[in-house]
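Q: Letter by letter, the chains look like this.
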Amino acid sequence: MDKMDRLLRQLPSSSVPEGLAASIRLTVRRRHLRRLVVRRSVASVLGVLGLWMLWPALAWLSSGEPYASTASWLAGGLDYLNYGSLELITRVWSGAASLTGSLGSALEISVWVGALLLCAAIFLLLDLGSWQPSLDRGDYPISARSLHV
Amino acid sequence: MISAAAETLLPFRRACMNRPRPNERALIEQARAHDESAFAALVEMHAAPLFRIVHRMLADDMETEAIVQETFWRFWQVLPRYRSDQPLLPYLATIASNLARDRHRRDRRIDDIPVDDLLESVPLESDISVEQWVEDESTMHTLSRLVQELPFNYRAVIALRYEADMSYEQIAASLSLPVNTVRTHLRRAKQLLRRRLEEAGNG
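Chains as they are written, first to last, in the working numbering: chain A, 1 to 149; chain B, 1001 to 1203.
Accuracy of the hints is not assured; some may be wrong.
Unchecked claim - Stretch by stretch, here's where chain A covers chain B in the computed footprint (C-beta under 8 Å, at least three residues):
#	region
1	1045 to 1058
2	1102 to 1108
3	1187 to 1199
It should be emphasised that the hints constitute simulated quantities derived from the structure, not laboratory data. Note that beta-carbon positions come from the ideal geometry of N, C-alpha and C, so glycine has one too.
Bound-form chain B, shown alone (with noise of 0.2 Å):
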C-alpha cells in the first residue's frame, strides 16, 4: 500500500522522468562512443521495466518480448542521433507502445466489443465508489484482469501512466493523441473499471 510520504514523492518523481540519471546519461555517451559494456548496461537497466510496460498491454509473454527485443533494435539503429538529455525509459516506452499498438491492429480479432458499447452502460458521472475495495491480492489480481480486458488505447494509458510513470503530456506525444483524449481515456478506463470491479464483486 502506497503510504501517505509516497504520495507526496509521486510529483517529484514523475518531474525526474523528464530528466535522464546521471549514470543514464553517461552509459549512453559510452554506448554512443563505442562501448559495449555500456549498452548491454542500458539493456539491463531498462528490459525489465519495458517488459512490464508491453506487458500490461499485450498480456502474452512472447509477443511482449518479441516487441521489447524490436524497441531495444531500433533503438540501437539510432543511438548515434540520440540526444543524451532525454529520459531513456519513456523513449523506449514510445517506441514499444507503437509496435504494440501495430501488432494489436494487426492481431485484432473481428469480435473485439466497440468502445462505444462498452460504455453504454457507464454514466459520465459514475457514482460507484471503489473506497469500499480492500486492497487484497484477490482485488488486485481481479482488477488486474479486468485491465487486461479494457480496449487497447485504455490499456495502453494505463500502462504508461502506471508502469511507467509518464505524464499526460508524454502519454499524449508517446501515442499521438491529443493531451485531452489523454485524460480523456485515462478517466474512462477508471469508470469501467469501477463498474466492472463492482460487477465482479457481486457476480
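Bound conformation, chain A alone (with noise of 0.2 Å):
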C-alpha cells in the first residue's frame, strides 16, 4: 500500500444528518402506505369489475336454467336494486349490455374476463400481504429534514 492509499482511507468523512435513520425510515414507511392504498385500490375496482363481469355466470349457475339474455338480467338487476330511477347508472348498465352482446357470446366471454380480473385482484392483495413486514405503526420521530420527502 503506498502513501497516496493510506492518504485516502484516511479522507475526512462528511458528517451524517442528525436523524438520517428516522427518515429513512420513515420515507419507507410512507411509501409502503402509499403502494398499499394503490394496490389495493387497484384490487378492490378490479374485484369488483370480475365480480360484475361473472355474476350471470353465477346467477345461470345458481338458477340452473341456461342463462338467455344479458340485457334482460341487468335490466331486472336494476329493478331489484330499486336503481331504475338513475339515469347514469342505466346508461352504464345499457353500455356494458350492448358492450357484453357485440363480442358474440356474452357469458363465455364475461366469464373469461371476470374470472381474469378477480384473479389480478387476489394476485395484488396476496402478493404484498403475505409478505411485507408491517409498517402501519405510528410511533417513529419526524425529523423536520423527512418533511420534504
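Hints given; two lone chains; assemble the complex.
A: Here's what the structure looks like:
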C-alpha cells in the first residue's frame, strides 16, 4: 500500500445528518403505505369488475337455467336494486350490455374476463400482504429533514 | 494515521466484507419474518456508512440523502428475495452507486471536462511522489477537495474502495465494469491526485 492509499483511507468523512435513520424509516413507511393504498384500491376495482362480469354466470349456475339475455338480467338487477330512476347507472348498465352483446357469446366472454379480473385482484392483494413486514405503526419520530420527502 | 498493525489487518477486514456479520444475518432474517425493529436496526447500522460512501461520489447533502433513502426503499422491496448469506453494505452500495451515477448523468454539466483531456498532462508512469506530503489536516482537506473534482467514475471507484472497503471484483460488479477497468480507473485517479496535490502545493 503506497502513501496515496493511506491518504485516501484517511480522508475526512462527511458529517452524517442528524436523524438520517429515522427519516429513512419514515420514507420507507410512507411509500409502503402509499403503495398499499394504491394496490388495494386497484385490487378493489378489479375485484368489483370481476365479480360484476362473473355475476351472470353465477346467476345462471344458481338458477340452473341457461342464461339467455344479459340485458334482461341487468334490467332485472336494476329493478331489484330499485335503481331504475338513476339515469347514469341505467346508461352504464345499458352500455355494458351492448358491449357484451357485441362480443358475441356474452356469457363465455364475461366469465373469462371476470375470472381474469378477479385473479388479478387476488394477486394484487396477496402479493403485497403475504410477505411485507408491517409498518402500520405511527410511532416514528418525525424530523424536520424528512418533511420534504 | 494507519498503524502498521492496522495495515496488516486490512486483507482480513476485506475478507470479512465477503461474509455478513452474524448479527446482521439474524437481523435480515428477522426483518424478512415481519420484524419491524430488525429492519430499523439494519437502517441504523448502515445508514451512516452508506451516506458517507454516496457523499464521496456526489458531495451534495440533499442529493446524497435522497439517494440513501431511495436505496433503502429499494432494499425494502427486495427484502423477501434477498439472500442473507451476502453482506449487506456492498449490496446497498451497489444500488446507491447506480442511483448516484444516474443522478450524475442527469445533472451532468455541459462544461464537464472529458477524462481524456484531464489525463493528457499526466504521464502514464508518473514520477510525482507524495512521500514528502505531511498527513496534516490541511493536506487531507485539499485532497478531499481534489477527489471531488475527479470524474464521476473515478470518484465512485475511490468511494467504494476506500469508504466501503470493497474488493476490485465487488467494485467491478457494482459499477458493471471489467475488473481491469476498475484497476485502471483507480490508478489513473491516484495519478491525477498526485499531480494536482503537487500543483496545489506549488500554487
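Q: Take the hints in turn and mark each one as holding or not.
A: Results for each hint:
Given a C-beta distance limit of less than 8 Å, the hint that chain A covers the region 1045 to 1058 of chain B holds, as 6 residues qualify and 3 suffice. Coverage of the region 1102 to 1108 of chain B by chain A is violated in this model, with 0 residues showing a Cβ closer than 8 Å to a Cβ of that chain against a need of three. Counting residues of the region 1187 to 1199 of chain B whose C-beta lies closer than 8 Å to any C-beta of chain A gives 3; at least three are required, and the coverage claim holds.
The structure does not agree with numbered hint 2 stated previously, though it agrees with all others.
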